[in-house]
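Peer 1: Listed below are the residues making up each chain.
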Amino acid sequence: MPAKELSRPCMDCKEAETVFTVRKRQLCRPGKTQEVRPKILLPLSLGVSSSVLLSMVEAQIQHQLAKPYGKVFFDLHVLVIDPSSINPSNASIDDKYKVLLETFQSPAYTRLSIHDIFDYVPDMKEIIHEYAGSQFADDSSLSNKDRLSAFRASISTATSAADLDYVLLTRLVAAVAQKHGCKSVFWGDSDSRLAARALAGVSKGRGASMTWQVSDGMSPWGVRFEFPLRDLYKTELLQYASVCPELSDIVIPDAPLSDNVLTKNLSIDELMIRYVQNQGAKYPGIMSNVARTANKLESSCLEGGTSCALCGGPRGNVKGNTGVTATTQSGDSEGSQFCYGCMRSRPDLKC
Amino acid sequence: MPPDSLQPLTKSNSGGLEILFSNERKHTITLPARLDDAGQPTIAYLLGHLVDNLMKDDRKELFIMEDNVRPGILVLINDADWELEGEENYELQQGDNIVFVSTLHGG
Amino acid sequence: MAPTTCFNCKEARAVIIRPKNRHKLCRACFIEVFETEVHETITGTNLFFPGERIAIGASGGKDSTVLAAVLKTLNERYNYGLDLCLLSIDEGIRGYRDDSLETVKRNAKQYDMPLTIVGYGELYGWTMDQVVEQIGKKGNCTYCGVFRRQALDRGAARLDIQHVVTGHNADDVAETVMMNLLRGDLPRLSRGTSIVTASGGSDIKRSKPLKYAYEKEIVLYAHHRQLDYFTTECIYSPEAFRGSARTLVKDLEKIRPSSILDIVKSGEDMAALVPRDTSQDGKSCKTTAAAEEENTGGCGSQNGRTSGGEMAAMEKQLTENETAEAHETEIQLPQKGAKNTKNTVKSSKAVKSQTLGHCLNRNRPKTAIEVGIEDEEGSSTLMRQMERTQLTNS
Chain A
1040 MPAKELSRPC MDCKEAETVF TVRKRQLCRP GKTQEVRPKI LLPLSLGVSS
1090 SVLLSMVEAQ IQHQLAKPYG KVFFDLHVLV IDPSSINPSN ASIDDKYKVL
1140 LETFQSPAYT RLSIHDIFDY VPDMKEIIHE YAGSQFADDS SLSNKDRLSA
1190 FRASISTATS AADLDYVLLT RLVAAVAQKH GCKSVFWGDS DSRLAARALA
1240 GVSKGRGASM TWQVSDGMSP WGVRFEFPLR DLYKTELLQY ASVCPELSDI
1290 VIPDAPLSDN VLTKNLSIDE LMIRYVQNQG AKYPGIMSNV ARTANKLESS
1340 CLEGGTSCAL CGGPRGNVKG NTGVTATTQS GDSEGSQFCY GCMRSRPDLK
1390 C
Chain P
217 MPPDSLQPLT KSNSGGLEIL FSNERKHTIT LPARLDDAGQ PTIAYLLGHL
267 VDNLMKDDRK ELFIMEDNVR PGILVLINDA DWELEGEENY ELQQGDNIVF
317 VSTLHGG
Chain Y
209 MAPTTCFNCK EARAVIIRPK NRHKLCRACF IEVFETEVHE TITGTNLFFP
259 GERIAIGASG GKDSTVLAAV LKTLNERYNY GLDLCLLSID EGIRGYRDDS
309 LETVKRNAKQ YDMPLTIVGY GELYGWTMDQ VVEQIGKKGN CTYCGVFRRQ
359 ALDRGAARLD IQHVVTGHNA DDVAETVMMN LLRGDLPRLS RGTSIVTASG
409 GSDIKRSKPL KYAYEKEIVL YAHHRQLDYF TTECIYSPEA FRGSARTLVK
459 DLEKIRPSSI LDIVKSGEDM AALVPRDTSQ DGKSCKTTAA AEEENTGGCG
509 SQNGRTSGGE MAAMEKQLTE NETAEAHETE IQLPQKGAKN TKNTVKSSKA
559 VKSQTLGHCL NRNRPKTAIE VGIEDEEGSS TLMRQMERTQ LTNS
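Sequences listed follow chains A, P and Y, in order.
Numbering-wise, the first sequence is residues 1040 to 1390 according to my numbering.
Numbering-wise, the second sequence is residues 217 to 323 according to my numbering.
Numbering-wise, the third sequence is residues 209 to 602 according to my numbering.
Bound-form chain A, shown alone (with noise of 0.2 Å):
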């Protein structure tokens, strides 16, 4: 459509004719800025990586409210999931949430526990049921809370109930932000953190879902997943931390890597945390490496194909991949609502 010429364009969308004057900004009407600013939802672990990640987003806030005319050209949404709904050792955060609210005033909060994915998520109690097949005892009578406890507990390894734990914290993350129709989801991962995702995720079978899970791109669910920092080791986050007093009553430090556990009995996330923290001693460089090469991956190839209930990753193999592994090699995953991945986590499969 050619454009319309206007005579006195709104300085905000440049598409209409200036009705208002609002502190020598001449809008088309007022608080239309507010409407189109996109929504950014943050999820906060209350670990040093994503307090950090919030600390920044906000002076980034601050700054741009500071300046003359200032205005923000984002909303920022903050989640917070319950860490002692994932792992009831977990401390309760009651004292820090309270803290996290003082001190950062501006975003909008949501606190949730785990289990509130069957809210978020109406077809998350079908999807399990469906997933877990014999191994698990349905009960539709219990609470959301019992019921994923009961699911938890019938994944037989480390590494399935690790691998489906983040499945579900993915699923929730994006259904909230679904919900409040953020564009972007800003993720906190450092590069190590990423390094060991995109490790343990091609170790899993999961390297078609690199191009959202450890890659800036369009994850299933239509909303953004970023990661901006990518770029900066675990290290430097905590020497920002250090010097941030504000979140010194907010973050919760992360628990040391015990030493003497066997490595049969680790998750594969767990083995590569490790791996990337070892390695990455000898040869940061190569450990960094490991989350750009995912991001250059491309996540349009991907498009067109059927995605998979319970993660979102793609069924069956990216289209152009020729291999038989998928197809006729592990004949499990095929005709399956469930990709290969998700297979591989099943409670039925002890391994």
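Everything labelled a hint here was simulated from the structure, so no lab data went into it.
Backbone N, C-alpha and C fix where the C-beta goes; we use that ideal spot for every residue, glycine too.
Check before you lean on any hint, since a few could be wrong.
Unchecked claim - Below 30 Å or equal to it, Euclidean Cα-Cα: the simulated DSS-like pairs (lysine-lysine) are: (1) Lys-345(Y) <-> Lys-1321(A); (2) Lys-345(Y) <-> Lys-276(P); (3) Lys-1303(A) <-> Lys-276(P); (4) Lys-413(Y) <-> Lys-1358(A); (5) Lys-1321(A) <-> Lys-524(Y); (6) Lys-524(Y) <-> Lys-1335(A); (7) Lys-242(P) <-> Lys-317(Y).
Claimed, not checked - A few chain P positions that, by computed beta-carbon distances, are all more than 12 Å from chain A: (8) Glu-234; (9) Phe-237; (10) Asn-239; (11) Glu-240; (12) Arg-250; (13) Leu-251; (14) Tyr-261; (15) Met-271; (16) Asp-273; (17) Asp-274; (18) Lys-276; (19) Asn-294; (20) Asp-295; (21) Ala-296; (22) Asp-312.
Keeping the supplied structure of chain A fixed, place chains P and Y upon it in accordance with the hints.
Peer 2: Using the frame of chain A, we list chains P and Y on its own:
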């Protein structure tokens, strides 16, 4: 069998592991039928016994890692994968044939 | 413990647990299933055509011995109509290759296949013993790997054969995927998993029919069929796999046995996601295609296997790239107590400065720094180095 008698069994190496055991492919070993704690000797016990008594090479880590067989070395108990027999907790029987095969050598 | 019965025939005693699906199988069913899956790989990828002449790259080790045994079995069972022969490389390593070649000679009789041996000595005028005498043990595997790739081609050309099959297994492919991810090498990531690769400088095709076979199953297949294979490590690389991606792959197998095939699956999917312009970039000229497929040290002993030294070399390369790129990420570090003074910490990372502002634009171009070890050029450089060695030697 009286509790203090000894138990013969054979153990063989292949896949290059014999280099760690004085280049012998086959060893016949006798172990106590009962251990000090009254338990029967297991594969875990055998591993310790091999390292302490039979291994001539001091590169213990090429055979044992995390107090168990190093990843990449297969253990066969009477020709069956040890995973079918309870791995390191398998209780050794008279005349058992235990084979250690390394997969780590070239192809 | 009561013996477990076979998942397949429900009769015989199970002796193996399959890493990929935990099925417990008896000896006979395992051998049958193993062979059938290699057959499915071959037919699923249209690997051969009737009447094709195939050279099996034979080192006497487990992988190539199993490959020869399985191909012979399948060729007869399914009437592939293949003309199979063994092709061995004599690197000229006394006490190692001369022994393993004896194994190959026995294999040739056992499988009734003609055997051709081509030696580094006759091809290059240098045996590996002489190379090591000149340059020492450090880095000798790289020379050997480069020589080997060409030697297989020359041997095939001598026999007028267009297709060489090698014993690369799923563990090798999985390790290559991990390595290419670590070294950030997208072109190789896009090709490393494919079953067929073009060969360097010639039109000889290379393929790996065992690419979906677990190393563990290959060893067990050899054990249960009592195949005659050679097991000694090359004397020049006794601990080459320490601290390498191989260790990581073996640890993964311990945690979740299926993960080796899962990595192959991921690698195949990611290969399809590598941007077109990268997967076909200028570096992938014909002479280098084969070099990409196999890691340095792609010898019979260290079959496509990586060493700890390679990690160090890679790190060095990355550090050099950093200096050259001189990009920095700046972190604004607010000082304790005094909010107005800013202290800037610069991180020395070879990346484009990625401020939050960029991220907010959402149009941030993807970081496109090519890093990686240029051992595709290794071939000619090495040759030059060898010439130099020869000159100083004479």
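Peer 1: Next step is simple, just say for each hint if it's right about the structure.
Peer 2: Checked hints:
no. : hint                       : in the structure
1   : Lys-345(Y) <-> Lys-1321(A) : holds (24 Å)
2   : Lys-345(Y) <-> Lys-276(P)  : holds (24 Å)
3   : Lys-1303(A) <-> Lys-276(P) : holds (20 Å)
4   : Lys-413(Y) <-> Lys-1358(A) : holds (25 Å)
5   : Lys-1321(A) <-> Lys-524(Y) : holds (11 Å)
6   : Lys-524(Y) <-> Lys-1335(A) : holds (22 Å)
7   : Lys-242(P) <-> Lys-317(Y)  : holds (27 Å)
8   : Glu-234                    : holds (26 Å)
9   : Phe-237                    : holds (25 Å)
10  : Asn-239                    : holds (30 Å)
11  : Glu-240                    : holds (30 Å)
12  : Arg-250                    : holds (28 Å)
13  : Leu-251                    : holds (23 Å)
14  : Tyr-261                    : holds (18 Å)
15  : Met-271                    : holds (22 Å)
16  : Asp-273                    : holds (23 Å)
17  : Asp-274                    : holds (23 Å)
18  : Lys-276                    : holds (17 Å)
19  : Asn-294                    : holds (23 Å)
20  : Asp-295                    : holds (22 Å)
21  : Ala-296                    : holds (18 Å)
22  : Asp-312                    : holds (24 Å)
Of the hints listed earlier, there is not a single one the structure fails to meet.
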